[in-house]
Amino acid sequence: MFSKDDFADEENVRMLSVVIMVRMNQKPLQNFHKMPYNEKKTFNKLLNEYILNDLAIEDWKTHLTDEFNAILSNDVFNEDFKAEEYEPKMVSTEPIMLEN
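Here the sequence shown stands for residues 0 to 99, numbered as in numbering that gives the first Met the number 0.
Each hint should be verified, as a subset may be incorrect.
[Claimed, not checked] The calculated EDC-like cross-link candidates involving lysine to aspartate or glutamate, where the alpha carbons are at most 20 Å apart (straight line), are: (1) K26 x E66; (2) K26 x D65; (3) K60 x D8; (4) K44 x D4; (5) K26 x E78; (6) K60 x E48.
If you are wondering where the hints come from, they were derived from the structure by calculation, not from laboratory data.
Please model the entire structure based on the sequences and the hints provided.
Structure (structure tokens):
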């Protein structure tokens, strides 16, 4: 059964985000932090429902991973994939000094 401690794993959080974005009819890889307040509230409500209803099983990780992989295969990485429509999670614009 999914627990509060499972939120510490960034992989779990990312998979959950993708699943919930699709359930909200949003782009799967959309950035939660850039969403309007009311959409964040809807996201959190759906996330809690998903955890309580879909991840209340012993093998929750397999269920979540399977759903995540299906979304990526069918909705993201398909013949219509356009990388420019997806922004990276974080972009660093800090200069980096390369030493020889």
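Evaluated hints:
Annotation: proposed proximity of K26 to E66 holds, straight-line Cα distance about 15 Å (limit 20 Å). For the hint pairing K26 with D65, the CA-to-CA distance comes to about 18 Å; that is within 20 Å, so the pair holds. A C-alpha spacing of about 12 Å is found between K60 and D8, which places the hinted pair at or below 20 Å, so the restraint holds. At most 20 Å may separate the alpha-carbon atoms for a hinted pair to count; K44 and D4 meet this at roughly 19 Å.
Distance check on the hinted pair: K26 and E78 sit about 16 Å apart at the alpha-carbon level, within 20 Å; holds. Pair hint K60 plus E48 holds up; C-alpha atoms about 16 Å apart against a cutoff of 20 Å.
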